[in-house]
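S.K.: In case you want the letters, here they are:
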Amino acid sequence: MSSVLNAINLRKYFRITTGLLGGRKYVRAVDGVTLDLREGEVLALVGESGSGKSTLGRILVGLQRPDEGEVLYRGINIYSSGNSVSKKLRHRIQAVFQNPDSSLNPRMQIYDILKEAVLTRNPSLSDREVIEEIIKLLRSVGLVEDHIFKYPHELSGGEKQRIAIARALAVAPEVLIADEVVSALDISVRAQVMNVLMDVKEKYKLSMVFITHDMGLVWSISDRVAVMYLGKLVELGPTEEIFKEPLHPYTKMLLVSSPAAASATASKDLRFKARGEPPSPINPPKGCKFITRCPIAGSECSITEPELMEISRDRMVSCLKVLKI
Amino acid sequence: MGEKVLEVISLRVYYDLPQGTVRAVDDVSLDVRRREVIGIAGESGSGKSTLALAITGLLRPPAKVVSGKVLFNGVDILRLSEDELRRIRGRKIGVIFQDPNTYLNPIYTSGFQVAEVFEAHRGIHAKKYLNEVVKLFRLVKIADPERRVYAYPHQLSGGMKQRVLISMAIAERPDLIVADEPTSALDVTIQSEIMDLLAEIREETNTSIVMITHDLALLFEVADRVAIMYAGKLVELGRASDLIKDPLHPYTKALLSILRYERKKKLTSIPGSIPSLINPPPGCRFHPRCPYAFSKCSKIEPKAVDIEGRLVACHLVGGSE
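Chains as they are written, first to last, in my numbering: chain A, 1402 to 1726; chain B, 113 to 433.
Hints in this document: simulated from the structure, not taken from any laboratory.
Computed from a predicted structure; not experimentally measured.
Incorrect hints may have been included.
As the list claims (entries may be wrong) - On the chain B side, residues computed to face chain A include the following (Cβ under 10 Å):
#: 1; residue: G157
#: 2; residue: M272
#: 3; residue: L330
#: 4; residue: K378
#: 5; residue: S385
Said to hold, decoys possible - Some chain B residues well away from chain A (every beta-carbon gap over 10 Å; in silico):
#: 6; residue: L183
#: 7; residue: R259
#: 8; residue: E284
#: 9; residue: A352
#: 10; residue: K357
#: 11; residue: K376
#: 12; residue: L428
A virtual CB, placed ideally from N, CA and C, is assigned to each residue, including glycine.
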């Protein structure tokens, strides 16, 4: 299977100043991540808040230039040209975020919001063609023409999120980065929007990075899972294998702690029940960053930082205990 | 079956708004027994948070109690004066809310704010109680409690702040803790720790817990009994294990099937959206979204019937003729 997107050794540090005379310190939001998105797959990106998954998503969609590393879309580095990502490439990679209220302009009718997107792709369309295109988009996300002259505040949360999806589709992307798209929605509506998302994924032949903390949804829709902890990938592999036999202790912790994953995972080892909180990403511990919460850490873990290594076909993990180095 | 700590009887709480009257809690009855964890689940607009406010005596205008009682140890909370309430709330009823940032004052140390709970109920200056606060912090598993009592809220993580709030809620060993979405703002890993902590506190202090959340999967893990609310109504109430095995109300059924995540299958969804509580649908409020609805459902409101200890409000269940 070929890759649509390759992230190579991405690094993004955010500088923060501490105190009046405080020196420079950095939050290592993304710290050396290499990852590929394959044609037609759903890659779930999971981790706690502060793990860097959203920053990684923003880098992949072209919204955040990395300090180091590159993002290749079908072999072309999206950050190669000058300051901003070229328009053509931006159309190939689209994003939908958690909160539609901050991504939809409250002063624009749905018609104008979608028209803007439709015209960026094809500025020569007539008014009539624009309307037809908009109606097609609305239908593909399960809405009807009635919505066309409404303002965002007249829509429910689920409907607004559908508009955000429709707008992303308007430029005919190949890659969709979905960052916690249903987290703010009620459970009965969440399922509707997820089904819309999966429908359009098939219809528009999208490849998708699905950023979430909901392990139930990960199980339900993803082909592969990438687990992030403090800016690093700690495990990567096919969803079924990861749920059946998670390797990294952090992956085990996520699965054991998540009630939504209970029916899907075979991992019930209570040793891995969550304990403690992630350390500050400004001063991560030496060696393995998970050491402060790991129930199986040994003395070697505080010295050497493990690298993400292939342990079997298609499965990568970064844990000294698992890799038995 | 233990004695009843709390009894909500035919409670109706409405909000008078310019747009109309919002019937947020509309004829809800339930009881909470000693040492029990009762979960109240519902989506936004189900009335679950209004119910929490009523139980804790925190309803403020435009909310008004139209009818019903909230008996706490036999005393109707809704009839008490603010002074009388203050003697109960914080002492006999502990409250934990979703966002600790809203409830912690950023300019006082966390320890001082917990000590204020003691001051409020026992007098003497808060500072005298710092030792007790250290003990409490140890109980809620805040690491390094001797130092953390001097920490300001911004120096603590989200999970830690929630622990501080929990320590406030349990400071006076209340009979009842009302927790409204206590972990919804936290990561699953931290959430599971906080839930374990609440379970331990229940074991140690014999308190009852009313847990309100939209997170059903979580609720079924921690609650002894679960009440499902929809659009201001209680639609089903029963033992968590019974509900999960054999849900009776179509809404409960739908919610549970959403939670059964199947690999690479369409998620079960409930068509339509949550109704407005200003103009709720006539008859059964769930009928426009219900796959089993028949003519009666849009006309007559189903009464809750008791089926072997389980309450269900649905025309399809029991003899609600």
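S.K.: At a threshold of 10 Å, is the proposed contact between L330/B and chain A supported by beta-carbon distances?
M.R.: OK, holds: L330/B within 10 Å of chain A, min 5 Å.
S.K.: Please settle this one: E284/B was flagged as non-interface, so is its CB more than 10 Å from every CB on chain A?
M.R.: For E284/B, whose nearest Cβ neighbour in chain A is about 27 Å away, the distance exceeds 10 Å, so it holds.
S.K.: With d taken as the least Cβ-Cβ distance between L428/B and chain A, does d exceed 10 Å?
M.R.: With a cut-off of 10 Å, L428/B remains clear of chain A, as the shortest Cβ separation is near 19 Å.
S.K.: Would the least Cβ to Cβ distance between K376/B and chain A come out above 10 Å?
M.R.: Violated: least Cβ distance 7 Å, not greater than 10 Å.
S.K.: Is the hint on M272/B kept, meaning its closest Cβ partner in chain A is under 10 Å away?
M.R.: Because about 7 Å separates M272/B from the closest Cβ in chain A, which is inside the 10 Å limit, the hint holds.
S.K.: Does the no-contact call for L183/B survive, Cβ to all of chain A over 10 Å?
M.R.: holds (31 Å)
S.K.: So is R259/B really clear of chain A, every C-beta pair being over 10 Å apart?
M.R.: R259/B is indeed farther than 10 Å from all Cβ atoms of chain A, at 16 Å.
S.K.: A352/B: least C-beta distance to chain A exceeds 10 Å?
M.R.: The assertion about A352/B holds, with a minimum of 12 Å to chain A.
S.K.: How about S385/B: closest beta carbon in chain A under 10 Å, or not?
M.R.: Result: holds, 5 Å to nearest chain A Cβ.
S.K.: Regarding the hint that K378/B lies at the interface with chain A, is the smallest CB-CB distance below 10 Å?
M.R.: holds (5 Å)
S.K.: Is the interface hint for G157/B satisfied, with its Cβ closer than 10 Å to some Cβ of chain A?
M.R.: holds (8 Å)
S.K.: Can we trust that K357/B is non-interface, i.e. its beta-carbon lies farther than 10 Å from all of chain A?
M.R.: Correct as stated: the minimum Cβ-Cβ distance to chain A is 14 Å, above 10 Å.
Consistency note: the structure conflicts with earlier hint 11 alone.
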